[in-house]
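Make a model of the complete structure from these sequences and hints.
Here is what each chain is made of, one letter per residue.
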Amino acid sequence: MTDLGSPIQGVTLYSFTRASHAREYDLESLMRKVAAEGFGPGLEIIGFSSFRGFPTIDPAFAEEFRGLVSELDLVTTSLAVNADIGIYRDRLLNQDELIAYMTRQIEAAATLGFPIARVQISLTPDSMEQLVPVAEKHGVTLALEVHADQYASHPRILALRDRYEKIGSPLLGFTMDWGATTVGFAPSAIEAYRRRGASEELLTEVVDLWNTFYSQGPPANQEVHGQRFGAFIGLAHKHGRPEFGIDFGINGTGLFGPARVNDWLEIMPWIRHVHGKFFGIDENGEEPSVPVRDLITLLVENGYKGAVSSEYEGWHWNYWQSPFDIIRAEQAVQRSAADAAGSRMITDSAEARAQLATHLGQLQR
Amino acid sequence: MIADRIIEQGTLTTTGTRASVDVRIPWYRALPGSCIAGAGLTIDGVAAPAESLRWTMNGKEFTFEELSTNVEEWWFPLDSAVLSGDIPLAVDGAEHEVGVDLVLYIPYIVTDHGVLHIEERGRATMKAVAA
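Chains as they are written, first to last, in my numbering: chain A, 1 to 365; chain B, 1 to 131.
By construction, these hints were calculated from the structure, which means they are not laboratory data. Hints should not be assumed to be uniformly reliable.
What the hints assert, rightly or not - The following residues of chain B were derived to be distant from chain A, with all beta-carbon distances above 12 Å:
1. 11
2. 46
3. 51
4. 60
Stated by the list, open to error - Have a look at the derived ranges for each label pair, beta carbon to beta carbon:
5. B/125 x A/240: 21 to 29 Å
6. A/207 x B/121: 20 to 28 Å
7. A/71 x B/17: 28 to 36 Å
8. A/208 x B/121: 23 to 31 Å
9. A/68 x B/51: 27 to 35 Å
10. B/51 x A/23: 32 to 40 Å
11. A/68 x B/71: 27 to 35 Å
Said to hold, decoys possible - Sample of chain B residues facing chain A (criterion: CB under 8 Å; computed from the structure):
12. 28
13. 29
14. 103
15. 105
As the structure is a computational prediction, the values presented were derived from the model and not from experiment. In this text, a Cβ means the ideal position worked out from N, Cα and C, and glycines have one as well.
If you want it as structure tokens, here you go:
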């Protein structure tokens, strides 16, 4: 039997996008807030969000950043990097350009002291294989994010898994994003549409449509995904509110994925990092659309000892609640679930640091 | 998406024949010039001619054609860009309705229809000050 896991608690600064975009916090003050609130010890940052000039990192800045992480006793987990394959207007990056583009960001992860680089689905099995020497040179784990509308048993993800198995590098893996396995259209998103004047009839039909897709399971291929996206747009048109169509489609298919929690078992041994994606906390202190307790239980029962970055994404529409209150409440659910599963979340920095290094198969720095 | 903050309050300036306003990115991460696909500027319902529009970021001014190939200059999420165009506007103490339309490419999301683009619209009311 697998030893019980003990996930490391943490947060991604992405959760606080609205507060940082509003210039209420700069990078340093936001990191200080995270530490003071006890939202760590794990700390994840998106390179292109938080570091000016990324992926170029000035060595003096890197030293300053590492000093701040150390002073605050945080543990850097994942640097989220982007596969910007469509950066040119007239063509996609060619393979050499893409590898060079990713290499610079992986180097930035190493410079800033992140042991993981979160990479994205535009990277094919061939690209991941090509990046292994870069990962090895810098000692950075490449954790490709499995995000709705994909899911663990999606053919593209299984193709990556199968290549990982063939390559056998400990530095290749996945980031599990909980948004792939939700159980409802987030009520806070529905509330936001209500505040924008959507009728109750329309909102009821949006929820019903999502529930129908949930009952059918995740889209078997891109064609089905496209049909579902189109169905959300059609609903908005039918109710004379076409301006909501794209938003329903993006959220209904790209944020609220309808795969089941057990689907993650397909890739469990390759999960190196977790995005604890969620959208809100209800009056009972629970997440109404993401099965946080089931997901934590799954991780504990399968021996997961990496980090979970609480990733609050309700900020897209929820301008009326504090993301800090919401993160605090969601992490309480995670800890409660881990306890109930007979284990615990790691919240001590030294313990987290040692456990993460072991989890990633790396020498402790 | 953060469409509610596209136009920065209190930043409308005019030379008499040319107006400008500060613009925030409605997205969570930096994008290069090539991903700023287009913009529109209206004051009290009057649109600036497309060919008169200019985009200033990182202290440099660009036409949208120049932006389309630029992957060197990035729009950082904390920075304001400046959108300007030919619109006659007086410093008259009146409230003016400003509109900014923005089209951005999201370079890491490639769909069956090409690279994803988002269209956002900001509206704000403010007085004009002399440039």
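For each hint, the structure was consulted:
no., hint, in the structure
1, 11, "14 Å, holds"
2, 46, "23 Å, holds"
3, 51, "19 Å, holds"
4, 60, "15 Å, holds"
5, B/125 x A/240: 21 to 29 Å, "27 Å, holds"
6, A/207 x B/121: 20 to 28 Å, "27 Å, holds"
7, A/71 x B/17: 28 to 36 Å, "53 Å, violated"
8, A/208 x B/121: 23 to 31 Å, "29 Å, holds"
9, A/68 x B/51: 27 to 35 Å, "47 Å, violated"
10, B/51 x A/23: 32 to 40 Å, "33 Å, holds"
11, A/68 x B/71: 27 to 35 Å, "30 Å, holds"
12, 28, "5 Å, holds"
13, 29, "4 Å, holds"
14, 103, "12 Å, violated"
15, 105, "6 Å, holds"
Comparing the model with each earlier hint shows violations of hints 7, 9, 14; every other hint is respected.
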